[in-house]
Amino acid sequence: MFQQFLQRLRLRLVEHLDGPLLLIMLALMTVGLSTVYSATYDANNRALAQALNMAVGLCAMWAVAQFPPQKLMRFAVPLYVVGVVLLVLVFLFGVKVNGARRWLSLGFTRIQPSELLKLGVPLMLAWYFHKHEAVLKLRHYLVAGLLLLVPFALIAKQPDLGTAILVGAAGFYVLFFAGLPWQVIIGLAATGAGAAPFVWTMLHDYQRKRILTLIDPTSDPLGSGYHIIQSTIAIGSGGSFGKGWLAGTQTHLEFIPERHTDFIFAVFSEERGLLGNSVLVVLYLLLIGRGLMITANASTLFARVMAGSITLSLFTYAFVNMGMVSGILPVVGVPLPFMSYGGTALVTLSIGIGILMSIQTHRMLVRQ
Amino acid sequence: MRARQSPLTAPDRELDRFRFRVASAGVAVLVAFALLVARFFHLQIVQHAYYTTRAEDNRISLVPIVPNRGVIVDSKGVVLARNYSAFTLEITPSKVDDLDATIDGLSRVIEVLPKDRKRFRRLLEESKTFESLPIRSRLTEEEVARFAANRYLFPGVEVKARLFRQYPLGPIASHAIGYISRINKRDMEIIEESDQAANYKGTDHIGKTGIEQKYEFQLHGETGYEQVEIDAGGRAIRNLSRTAPVQGNNLTLTLDTKLQEMAEKAFGERRGALVAIEPSTGGILALVSTPTFDPNLFIDGIRTDDWDLLNNSPDKPLLNRALNGAYPPGSTFKPFMALAALETGKRTPGQAISDPGFFNFGGHQFRDDKKGGHGSVDMYKSIVHSCDTYYYMLANDMGIDSIARFMRQLGFGQRTGVDIEGESEGVLPSPEWKKRRFKRPEQQKWFAGETISIGIGQGYNAYTPIQLAQATAVVANNGIMFRPHLVKYITDSRTGEKTMIEPEPLRILPWKRQHVEVIKKAMIGVNTQGTGARAFAGAAYVSAGKTGTAQVFSLKGADYKSSRVKKELRDHALFIAFAPADQPKIALAVLVENGGFGAQSAAPIARMVFDYYLLGKLPKGAAAEDDVEDD
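So the sequence lines, in the order shown, correspond to chains A and B.
Going by the working numbering, the first residue of the first sequence is number 1, and it counts up by one from there.
Going by the working numbering, the first residue of the second sequence is number 369, and it counts up by one from there.
Worth flagging that the hints you see were computed from the coordinates, not collected in a lab.
Keep in mind that this is a model prediction, so the values were computed, not measured.
Just so it is clear, CB atoms sit at the ideal spot from N, CA and C, and this is done for glycine as well.
Since no wrong hints were added, every one of them can be taken at face value.
Listed below are several chain B residues computed to face chain A (Cβ distance under 10 Å; list not exhaustive): (1) Ala391; (2) Arg407; (3) Ala417; (4) Thr421; (5) Arg422.
In silico SDA-like links for lysine to any residue, alpha-carbon gap of 25 Å or less: (6) B:Lys444 x B:Phe585; (7) B:Lys483 x B:Phe455; (8) B:Lys553 x A:Tyr41; (9) A:Lys209 x B:Lys569; (10) A:Lys131 x B:Leu383.
What follows is a list of derived Cβ distance ranges for each label pair: (11) B:Ala516 x A:Lys157: 54 to 62 Å; (12) B:Val614 x A:Ala189: 44 to 52 Å; (13) B:Ala402 x A:Met202: 28 to 36 Å; (14) B:Phe388 x A:Leu138: 17 to 25 Å; (15) A:Pro78 x B:Glu557: 34 to 42 Å; (16) A:Trp200 x B:Val614: 27 to 35 Å; (17) A:Arg8 x B:Phe388: 40 to 48 Å; (18) A:Leu246 x B:Ile413: 19 to 27 Å; (19) A:Thr191 x B:Glu597: 44 to 52 Å; (20) A:Gln66 x B:Gly592: 52 to 60 Å; (21) A:Asn45 x B:Glu597: 28 to 36 Å.
The whole structure should be built from the sequences, with the hints applied where relevant.
Right, here's the structure in full:
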């Protein structure tokens, strides 16, 4: 009797988890935690705090996975509306930090509303397409594009290019999986390339500088070029097998800026070398592969586009971060999933994984 | 969407299209990651040797160049805080294997005292990695030379030229200027919250109290950077470029150091506070809190015995009494009460009461100081001779709410907003205050009897000397109220541009001019024929004042004889005044802790300050203390 109860409890706990996703995520978290330790143990150790963040993330993931996708849909409109209203408030009354208006002060603490929209925008668009599934016309894509453009523009204006890219990409992936015609996609890409010179004039000085330093890091060795020079030295000197855990000289002589957050990949790469990098890339590929499988097998339009958007967002995080740290993309504030220190990003990503699990494990119920 | 027309095949074709998109996405991901791996291969295999060389042999390091801290001068240009350069002997613990052996070795070349070791240990505990920490400061030329000759023996130890803060006047005005000391964890949090972390790389001192603290970000300046190549041992090989630091902004105070020094001396050994304000601007001319301390002690980290001496002294020299001491105002409250009576229409100047020497209320007798009473007392006489009965009755007639409303406008019981952190609020008694202050319901109730003693500045009344000085200045200035401030202007170190701390009125109190004149006339009377007359005998200007005595210890109706009461229980002496009476240039509040009668110990200090400020006269010896008419 008691054993039966235990059995049922165990079943209840793991019922809505996806084994492969969970395993890959735990593997990434293990690597991440050891790297955060290495990056911070000699000054202000953050490993314990990060472990706590991870625990919170796992709980959030489990909780979200229990919601069937239809129920998740209910959050779409409120989350989006609250997010956009908060962004407008930031625009009007935000706290200026380092020249960017990203925070809203609540007196006792500060919040960054743009974080809400990393999931709020794809949820909203997925809900919108799901609602109009039977009659999808070009104008629906136009409306969806507009729904995406408003928060994107507000975040880009703050300015927070990293988050704007993540929100924009997540929304675009929904459009893509909802069947945005290829002609439009190609047309957009062509227009984008054509408009590049105009965009260039609209960028902030510091953003322009970051793109310029990408072409020639030595042009600004004190400013943004410094980050790239130091991180490429760290990666390059890591070689095939790395200098060993806790033994990265560039890391521990404090040459790498933001070494436990956005630039943690440089620390990992210096200490683990090409071999470690390859393992990490394979882990991300497995995560994305599993995500795409879930996407392909999802049973409703909402589930499909949501799963697709989350999966490709994970890819965007990983690619943009590793790309900027290794010097092939401009420096923008994008964390490396499950590796970078920081609770907010970790929880957002874990909720994303939770939604993927929910989509995967509630599939059968929907078919019945 | 033509597929919609054949419902059976439509979902499958739709799904096929969708899966094609998923597959395309997968291909794109693979291509992108392949690109990344190619980049890693290029960096870590092809260019590995190049980057290893750069990492091992030459490291580019950004060395912060700490800016010169801004200088603080008084209104006459006398320097109150400045910097000087001196050599320090510093150890980088991360480059030293055996710290104790190294320090032992050093002590054979240069004198290292046990207190230096102690301080070094403490710094070591708080330090960041790779920071170099001073083991000895202020090396002599000879010591520098001796170390240079033996340098090869001590890897990881070097002589550095550092800037030190110095307060040339020592203990004078130390409560106003404050001091800087080493940055601790809490300071670091404040720096991070203000997004100044980058600017404080390399800075190890920060303003802890006074002006040094309040204007920290003005005084600090902008940190410069030097880009240097260093070898594996951490030694600089060559400089690549340099961004010069920008010196901090200089501050010019409203303070007059000569006046300050004179006022501090006037207190002698006594504990107390004095705040002198220019009524027309709110500029603080002197801010005294005695005893004072030498701020220079704090700069390098205060020595334990010095700290114990300051911290454990019963005289509490570190307490800024002018801003943080809250005292009952005693009879100095009466002019404000009288003004309240005129403004609220509860009294006219000519209306007289008959004073039998006491006032009965609710079965309790409130006594006047003068046995048998002052006879017939009008408003003028009530102030000049400090009649208590007049104010017992007035308080009873006005009621506590009306009193509190008027006194709140004058700034009583609120922070004045002076440019020093941590000012106390004091206590403006009211039924609401009592509700907030006490937890038990029976203690929260306001009793009508409690209003009576509020009228003579006793009871729950407790105000800081700066509030009292501000209120005096407002009366002197006919109701125009300014925020008291110490900094007159800030000089931008880059442009030389001066930013005035504009004396903008905080509020203008709509008092009837003839009401204010009644009060001023009575306060002039105090200094000519009343309780302050002795202290101001023969003054070459017309001054207005009011004496006060604040009870520390309730004698429960028994006669007060100072000689019979222990010194710590003796009453506090107070005096408020302004001069010249027709065109006030200075208003002040003086408090002498346990000084007895205000007329006796506080008023003579005010006289000396006025004589100096208005006539440039320095006092001849200490003022005589003898019996005068008490207040």
